[in-house]
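Heads up: the protein sequence lines correspond to chains Y and U, in order. Residues in the first sequence are numbered consecutively from 12, following this note's numbering. Residues in the second sequence are numbered consecutively from -5, following this note's numbering.
Each hint should be verified, as a subset may be incorrect.
[Said to hold, decoys possible] Capping the alpha-carbon separation at 27 Å, the derived lysine-lysine pairs in DSSO-like fashion look like this:
{"id": "1", "chain 1": "Y", "residue 1": "K225", "chain 2": "U", "residue 2": "K133"}
{"id": "2", "chain 1": "Y", "residue 1": "K235", "chain 2": "U", "residue 2": "K52"}
{"id": "3", "chain 1": "Y", "residue 1": "K149", "chain 2": "Y", "residue 2": "K165"}
{"id": "4", "chain 1": "Y", "residue 1": "K17", "chain 2": "Y", "residue 2": "K225"}
{"id": "5", "chain 1": "Y", "residue 1": "K51", "chain 2": "Y", "residue 2": "K119"}
{"id": "6", "chain 1": "Y", "residue 1": "K225", "chain 2": "Y", "residue 2": "K165"}
{"id": "7", "chain 1": "Y", "residue 1": "K17", "chain 2": "Y", "residue 2": "K132"}
{"id": "8", "chain 1": "U", "residue 1": "K52", "chain 2": "Y", "residue 2": "K268"}
{"id": "9", "chain 1": "U", "residue 1": "K93", "chain 2": "U", "residue 2": "K52"}
{"id": "10", "chain 1": "Y", "residue 1": "K132", "chain 2": "Y", "residue 2": "K149"}
{"id": "11", "chain 1": "U", "residue 1": "K52", "chain 2": "Y", "residue 2": "K230"}
{"id": "12", "chain 1": "Y", "residue 1": "K235", "chain 2": "Y", "residue 2": "K268"}
Everything labelled a hint here was simulated from the structure, so no lab data went into it.
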Amino acid sequence: MTEKVKLLHHVEAINWNRIQDDKDVDVWNRLVNNFWLPEKVPLSNDVQSWNTLTPAEQQLTMRVFTGLTLLDTIQGTVGAVSLIPDALTPHEEAVYTNIAFMESVHAKSYSSIFSTLASTKEIDEAFRWSTENENLQKKAQIVMDYYQGDDPLKRKVASTLLESFLFYSGFYLPMYWSSRAKLTNTADLIRLIIRDEAVHGYYIGYKFQKGLEKVSEEKRQEIKDYTFELLFELYENEVQYTHDLYDGVGLAEDVKKFLHYNANKALMNLGYEAMFPASVTDVNPAILSALSPNADENHDFFSGSGSSYVIGKAVNTEDEDWDF
Amino acid sequence: MAAPAAQRNHVALPTHAAQRVEVSPPAGPQKETGLVPTGSQLIYFSSSSENTSRFVAKLGREVARIPLYAKDAPLLATRPYVLVVPTYGGTGGEGSVPKQVIRFLNNPQNRQLLRGVIGAGNTNFGDNYCMAGDIIAAKCQVPHLYRFELMGTPEDVTRVNQGLDTFWTRLSQTQK
């Protein structure tokens, strides 16, 4: 079927010296500072490690990465682009073009991993799997449908859930390998993607909340109901997808905790309270620490035993110390 | 004030005509020199995303907010306090501490009364998760009391409230 492409009717020269929303500048700068390319990551150092994986583990890894490639491709060519006509400011439009480009970098970086580690035949087989796996295709279809719908707020919800939730069934695996000192360079590359997705989810979620401020209470309730319905629909599918991928290696239950944890963060990016209780978000500490080395409780004064900690006396720092 | 771009025509967005311009609110009665004293024992910074602000609201404590804009009158702490500071993540080091928080801590009295830091952030930022809290804790030699993500979960709220109660009790027993 053919659809009319939605474009802006009218564009004026963007003036970065007239800012309506400081967040646009902050996020633009953050994204530019975070810019990276896969060519800078020494993936070839993982070849030896790759060869220590069993054929089944290798196949799982390839499949996970083609699944991620599909999501990044959607977000780069449809998702981020579909948000441009709804932008509240011209600078927001520019930020989406940055996001769209980075998603294409992400999508391409999986191909860098593939060409470093696998044969053409294995690569082709993994891509074929990605077109044939029902649950992967379904998740792509659900999101694509919302991008083509006519509600700007719903598009932002779908986009934030993609950035902050749908990637994580895939991101789990490289964090798992990294926690076992395998494919560590690949994990470094994935961490760069994970960092970018956090900024994307944060920003789109922020713009969603700005948009929500302008609508009636009734509409707000409708959008909230819609958000939770969509999350449930995607969640059920993610669970199936997780079993498809991870049952063979016995990791599905562990992955699901990671899904719950990230679903909560996706909701928070949209300004909603976390939904999954702590009892099902207790992510394996090894995975959490592969994600962020100081995320574990031992780094907190409150959470630790506390008794061994000497309470510091405030030191009078000099003014110059704060000139940074 | 309103940028000319505000008149632009965006497609299919009837609600978008009047919604722009997030320009800083006009400066209040205080001039730049006027400090606003606060006896709050929890002082926080939050950007317009309001994540940290939502978290501290859930604590139900008396709080004071570090102003977002340079033209707003700066805060002056008058009692020992804990600072809640978010990290907007990324490349770490320089730029991790929001400039508004640097401005606040540039006041020697505010530094002197600081007793601890609570960091907000996102584990997606890896090594830089809650980096601003780490930097301030190291520079001021106070403990980094707790870390939470985005606007915090119910468990974070409980732990921080309990932790702060214990912290202030212990502090009142050991100091003075």
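These are the hints, each one checked on the structure:
With a CA separation close to 42 Å, the supplied pair Y/K225 and U/K133 exceeds the 27 Å bound. This hinted pair checks out: Y/K235 and U/K52 have alpha carbons roughly 20 Å apart, not beyond 27 Å. Straight-line distance between C-alpha atoms of Y/K149 and Y/K165 comes to about 18 Å, which keeps the hinted pair within the 27 Å bound. Restraint check for Y/K17 and Y/K225: satisfied, since their Cα atoms lie roughly 22 Å apart, inside the 27 Å limit.
Distance check on the hinted pair: Y/K51 and Y/K119 sit about 13 Å apart at the alpha-carbon level, within 27 Å; holds. This hinted pair checks out: Y/K225 and Y/K165 have alpha carbons roughly 14 Å apart, not beyond 27 Å. Distance restraint check for Y/K17 and Y/K132: the Cα-Cα separation of roughly 39 Å exceeds the 27 Å cut-off, and the hinted pair is therefore not satisfied. For the proposed pair U/K52 and Y/K268, the alpha carbon gap of about 25 Å is at most 27 Å, so the pair holds.
Between U/K93 and U/K52 the alpha-carbon distance is near 25 Å, which keeps this suggested pair within the 27 Å criterion. A C-alpha spacing of about 25 Å is found between Y/K132 and Y/K149, which places the hinted pair at or below 27 Å, so the restraint holds. Between U/K52 and Y/K230 the alpha-carbon distance is near 25 Å, which keeps this suggested pair within the 27 Å criterion. Among the hinted pairs, Y/K235 with Y/K268 is consistent with the structure: their alpha-carbon atoms are about 24 Å apart, no more than 27 Å.
When the structure is compared with the earlier hints, violations turn up for hints 1 and 7 and for no others.
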